[in-house]
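Novice: These protein sequence lines map, in sequence, to chains A and B. If you read the first sequence in the numbering used here, its first letter stands for residue 1, the second for the next number, and so on. If you read the second sequence in the numbering used here, its first letter stands for residue 1001, the second for the next number, and so on.
Hints were generated in silico from the structure; no laboratory data involved. Ideal Cβ positions, reconstructed from N, Cα and C, are used throughout, including at glycine. Take these hints with a grain of salt, some might be off.
Straight-line distance between alpha carbons at most 30 Å, and here's what the computed DSS-like set of lysine-lysine pairs gives [to be verified]:
(1) B:Lys1344 - B:Lys1296
(2) B:Lys1323 - B:Lys1339
(3) A:Lys20 - B:Lys1214
(4) A:Lys20 - B:Lys1296
(5) B:Lys1323 - A:Lys51
(6) B:Lys1344 - B:Lys1274
Computed far set for chain B versus chain A, every beta-carbon distance over 12 Å [unchecked claim]:
(7) Ile1115
(8) Leu1211
(9) Phe1286
(10) Gly1332
If we take Cβ atoms under 8 Å as the criterion, some of the chain A residues that face chain B in the derived model are [claimed, not checked]:
(11) Leu246
(12) Ile248
(13) Asn252
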Amino acid sequence: MIAAESARMLNTFSRPECIKQVDYHYCPGCCHGIIHNLVGQVIDELEIAEKTVGVAPVGCAVLACDYFNLDFVQAAHGRAPAVATGLKRTRPDNVIFTYQGDGDLAAIGCGEIVNAAARGERITTVFVNNGIYGMTGGQMAPTTLSTQVTSTSPQGRDTLRAGMPIRVSEMLATLDGAAYIARVAVNSPKNIIKARSAIREAFLNQIEGSGFSLVEVLSTCPINWGMEPLEAMKWVEQHMIPFYPLAIFKNNGRQSRDT
Amino acid sequence: MAEVKLMKGNEAIAEAAVRSGCRAYFGYPITPQNEVIEYMARRMPEVNGVCLQAESEIAAINMVFGAAAAGDRAMTSSSGPGISLKQEGISYLAAGELPCVIVNIQRAGPGLGGITPAQADYFQATKGGGHGDYHTVVLAPASVQEAFEMTVRAFDLADQYRIPVLILGDGAVGQMMEKVELRSFQRRMIPKPWAATGRHGRQTNNIVKTLYLKPEELEDHNNKLQAKYREITSKEADWEACYTEDADLVLVAYGIMARIAQSAMNIAREQGHKVGMIRPKTLWPFPITPFKNATKNTKGFLVLELSAGQMVEDVLLAVEHKKPVSFFGRTGGMIPTTKEVLDKSLSTMGQKGERLK
Chain A
1 MIAAESARML
11 NTFSRPECIK
21 QVDYHYCPGC
31 CHGIIHNLVG
41 QVIDELEIAE
51 KTVGVAPVGC
61 AVLACDYFNL
71 DFVQAAHGRA
81 PAVATGLKRT
91 RPDNVIFTYQ
101 GDGDLAAIGC
111 GEIVNAAARG
121 ERITTVFVNN
131 GIYGMTGGQM
141 APTTLSTQVT
151 STSPQGRDTL
161 RAGMPIRVSE
171 MLATLDGAAY
181 IARVAVNSPK
191 NIIKARSAIR
201 EAFLNQIEGS
211 GFSLVEVLST
221 CPINWGMEPL
231 EAMKWVEQHM
241 IPFYPLAIFK
251 NNGRQSRDT
Chain B
1001 MAEVKLMKGN
1011 EAIAEAAVRS
1021 GCRAYFGYPI
1031 TPQNEVIEYM
1041 ARRMPEVNGV
1051 CLQAESEIAA
1061 INMVFGAAAA
1071 GDRAMTSSSG
1081 PGISLKQEGI
1091 SYLAAGELPC
1101 VIVNIQRAGP
1111 GLGGITPAQA
1121 DYFQATKGGG
1131 HGDYHTVVLA
1141 PASVQEAFEM
1151 TVRAFDLADQ
1161 YRIPVLILGD
1171 GAVGQMMEKV
1181 ELRSFQRRMI
1191 PKPWAATGRH
1201 GRQTNNIVKT
1211 LYLKPEELED
1221 HNNKLQAKYR
1231 EITSKEADWE
1241 ACYTEDADLV
1251 LVAYGIMARI
1261 AQSAMNIARE
1271 QGHKVGMIRP
1281 KTLWPFPITP
1291 FKNATKNTKG
1301 FLVLELSAGQ
1311 MVEDVLLAVE
1321 HKKPVSFFGR
1331 TGGMIPTTKE
1341 VLDKSLSTMG
1351 QKGERLK
C-alpha cells in the first residue's frame, strides 16, 4: 500500500512523457518550467502527443521546441497565432497550440491574436504574462503594471504616457469566436492545480471544435524583477492578481458538455 | 482537347496554383491583384482547399509559413506595399527552408504610390528584401499563358529546393486578359519528411526553426543555404533570346516591358535595323549566359524597365562593362508606347556604342 502510494508520488513528480529529459535553460525561479510541465501533463492525459504541433514564440520560450517531444514550429515575433492558423487549417485533425509571452502576444502580435480569436480558430494559446519582456532584459510590456519599474520605465510605468496595462483575457472574451478564456496563476500549489485544469479545458475546447481557447498564466521573472523567487511569487499575489483577476471568462465547451 | 480560356493573368495564376495542388491560400486585398484572392475564394472550396482572407499581409505570410511547415503547397499574393509587409515572413520562410509561392503583381511606388503597372520592386525581389543573407527564386511572366506556366514551375521549384519562389508580375500582366491554354501536366509532388505534421508514429519530433544561437551552427546553416543558392544559380536560370547572334543593339526587358520591346524590335527589323532582345524569365537567378553570348557581336545593350533602373545593374554585371549598356525607363505607372521604345532604340544605335548616361 505504502509502496503503491509512493509510486504514485514518484509518478506525480516525474516529467510528462511529451517533455524531453533535458535541462531547461530558464533562469532560477522562472515559472516556464512549471507551465511547460502543466501543458505536457495535459497533452499526456488527453493522449494527443502524436497529433499535436506546438508553435513557439520569440522570447524566452522560443526554445520550448527543444523541450517538448512534439513537432514544433518557431514563429516570428507575435505571429504565432497566424502560423498556428496555417497549421490548423491545413491539418484540422491536429491539435495546435501556441505558447506566447506578453510582449509577443499583447504588443507586436496583438493583431494576430485578436483576429485569430475573432475567427474562432480552433487553436489553443498558452499566454504567459509576467509583465515584462524577459529575454531582452526586462523592458516594459503592454502588461506592465502602473508604476512598475522596468528597464525602459526606470521611474515606474507612467500611465499618462504609456497608458494602462492591457487585460488581454477580458479583451478577448468579448469576441464571439473565443470559446474558452481563463486567467490563472502559478504562484501557489493551489493555483497551479487550477492552472492545469484550465489548460486541460482549453485543449478540450479545441478538440471538440468549439472555437479559440486561451489560458493567461500570471507568471514571474525574478531575475528581471530583481526579486528572490519567493518574493516574486508574493508579488504576483499582492500586485498582479488584484489588477488581473483570476477567472474563467468564457467556457463555451463546458456549456455544451453540461447541456 | 486542350482547355482554352480567356483569363486575366491574376486568374491564370490562381487556377495554375489550384491545378498544381496548392490547397492553402492566404491573402489580403490590394490592387492590382484582387482577382487572385477573389478567384481563390470561389475555387478553393471546390477542391476542399483553404482560402483565408487574413487580417494583414503580415498575418497572411505567416499563415503561409504555418501551412508550408505542415508540408502543404501554400501561396499568398499581394502588390508592392503588401509585399513590403511580407518581407519579415519571407526572410523566415527562406531561413526555415519552407517551400511556398509568393505573387507580387507590381504597382508603382514608393509608398502607397499608385495602382498602375510598374517594375520598381526588382531590387526588393531579387536582392533579398528582408533581413539576412538569403535569396528567393524570382520568375517574371510576360503573358497570361506564362503566368500559368510559371506558377506551375514555381511550386515545383519551391518543393525541389525547399525555397520560397516569387512570381514577379506587374499590373499589366495581372490585369490583362489573354487566351490561355490550361494544359494538363503531371504534378511533381515530393515527400516532405521534415514537415511539422504531428509525430503520428514518428520516433523523433520535427522542428521547423530559424533560431541558431550558436554562431558555429548559424554559419553552417548559412553555408547550407548558400550552397543551395549556388546550385539554383547554375541550374535554373531561364531566358528567351531573339536575334542576338547578329544584333547591333540588344534590348533587355522582362514582363510587360518585354512585350513592348518585342514589338519595337520587330518594327526595327522590318526597317532593316539589327535589333535583338534578351528577356530574362528568371530574375533570380539572373541569366548570365545569353549576355556572355551576345556580348561578342553586339555593339551595345539597351535595358528597358518600368522603373528608374534596377535590372540594369544586373545587366552591367553580366556584360562586365565589355559593351555599353544604356537604360530607358518610365516610372509612376506610365507605360511607354512601342514608338517611344523604337525611337529610343534607334537613337541609342545612332550613338555608335557611346554609353548614354
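Novice: Does B:Lys1344 pair with B:Lys1274 here, judged by a C-alpha cut-off of 30 Å?
Specialist: With Cα atoms ~14 Å apart, B:Lys1344 and B:Lys1274 stay inside 30 Å; holds.
Novice: Is the Cβ of B:Leu1211 more than 12 Å away from each Cβ in chain A?
Specialist: violated, 6 Å
Novice: Compute the least Cβ-Cβ separation between B:Phe1286 and chain A, then decide whether it is above 12 Å.
Specialist: holds, 29 Å
Novice: Restraint: A:Asn252 near chain B, CB-CB cut 8 Å. Satisfied or not?
Specialist: It is violated, given that the least Cβ distance between A:Asn252 and chain B is near 22 Å, above 8 Å.
Novice: A closest beta-carbon separation below 8 Å is what the hint needs, so does A:Leu246 meet it against chain B?
Specialist: violated, 30 Å
Novice: Examine each Cβ of chain A, and state whether all of them lie more than 12 Å from the Cβ of B:Ile1115.
Specialist: holds, 24 Å
Novice: Checking one constraint from the list: CA of A:Lys20 to CA of B:Lys1214, max 30 Å. Satisfied?
Specialist: Cα-Cα ~21 Å, so holds.
Novice: Answer holds if the nearest beta-carbon of chain B is closer than 8 Å to that of A:Ile248; otherwise answer violated.
Specialist: With a minimum Cβ separation of about 27 Å from chain B (threshold 8 Å), the hint on A:Ile248 is violated.
Novice: Over 12 Å to the closest beta carbon of chain A is the bar; see if B:Gly1332 clears it.
Specialist: Fine: 31 Å to the nearest Cβ keeps B:Gly1332 off the interface.
Novice: Taking only the CA atoms, is the gap from B:Lys1323 to B:Lys1339 under or equal to 30 Å?
Specialist: holds, 25 Å
Novice: Is A:Lys20 close enough to B:Lys1296, meaning Cα to Cα at most 30 Å?
Specialist: violated, 63 Å
Novice: If you draw a straight line from the CA of B:Lys1344 to the CA of B:Lys1296, is it 30 Å or shorter?
Specialist: Holds - the C-alpha atoms of B:Lys1296 and B:Lys1344 are around 23 Å apart, at most 30 Å.
The structure shown violates the earlier hints numbered 4, 5, 8, 11, 12 and 13.
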